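**Q** Sequence:
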Amino acid sequence: MTASFAAGHSDPTVQPVPASVVQQVDAADTTLHNPKRAVLSLGSNLGNRLETLQGAIDALEDTPGVRIKAVSPVYETQPWGVAADSQPSYFNAVVVLKTTLPPSSLLERAHAVEEAFNRVRDERWGPRTLDVDIVAYADVVSDDPVLTLPHPRAHERAFVLAPWHDVEPEAQLPGRGPVAELLDTVTRNGVEPRKDLELQLPE
101 MTASFAAGHS DPTVQPVPAS VVQQVDAADT TLHNPKRAVL SLGSNLGNRL ETLQGAIDAL
161 EDTPGVRIKA VSPVYETQPW GVAADSQPSY FNAVVVLKTT LPPSSLLERA HAVEEAFNRV
221 RDERWGPRTL DVDIVAYADV VSDDPVLTLP HPRAHERAFV LAPWHDVEPE AQLPGRGPVA
281 ELLDTVTRNG VEPRKDLELQ LPE
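In terms of my numbering, the sequence shown opens at residue 101 and continues consecutively.
Among the hints, a few may not be true.
Said to hold, decoys possible - Derived Cβ-Cβ restraints for the label pairs, each shown as a range:
#1 D185 to R137: 17 to 27 Å
#2 P164 to D185: 17 to 27 Å
#3 H133 to P188: 39 to 49 Å
#4 K295 to G147: 14 to 24 Å
#5 H133 to N289: 42 to 52 Å
Rather than coming from a laboratory, the hints here were simulated on the basis of the structure. Just so we're clear, the structure is a prediction, and the values are computed from it rather than from any experiment. Backbone N, C-alpha and C fix where the C-beta goes; we use that ideal spot for every residue, glycine too.
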């Protein structure tokens, strides 16, 4: 489900998804037995950022047991946790998917996709070609240090909440409440919609 922006409005609005796309996605769901819903956040601030995000989406869709249901608009975001202008800005997006993979396997796949795009983990908050985070998995709330669910900082990050809200205005972050309400509590400074860019839902 890609989204475009209405002219003359500062906030992005989600456009109706063509019926043909809905039918294709729903048909794909028949290949999954008892799938769970998950939300992933994607980010890139090195190389061809848009191409990398699209490649990550396509790679996730190619994963057995995963079907992408929605793809958010693209946001450009100042790097988190570092000095201003010390790194290139990020392109960020959120994808909503259905999966039969358990959380641990979905995390392994997320890391594999990152590695395919030459992600290097040598510095916390460092620049990266690709970052894939599991924001939420079904209604699971877990403090497992390997995979904390939902993501422990998702409720603080406009670059996660804003694109997620674009594609799921009624979404709930497990244990935290409505995404719309959480978004009202954080600053959007440095998190700007890129009206000229679009990611594609895999066919």
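**Q** Confirm or reject each hint.
**A** Hint by hint, here is what the structure shows:
no., hint, in the structure
1, D185 to R137: 17 to 27 Å, "violated, 38 Å"
2, P164 to D185: 17 to 27 Å, "violated, 42 Å"
3, H133 to P188: 39 to 49 Å, "holds, 42 Å"
4, K295 to G147: 14 to 24 Å, "holds, 22 Å"
5, H133 to N289: 42 to 52 Å, "holds, 44 Å"
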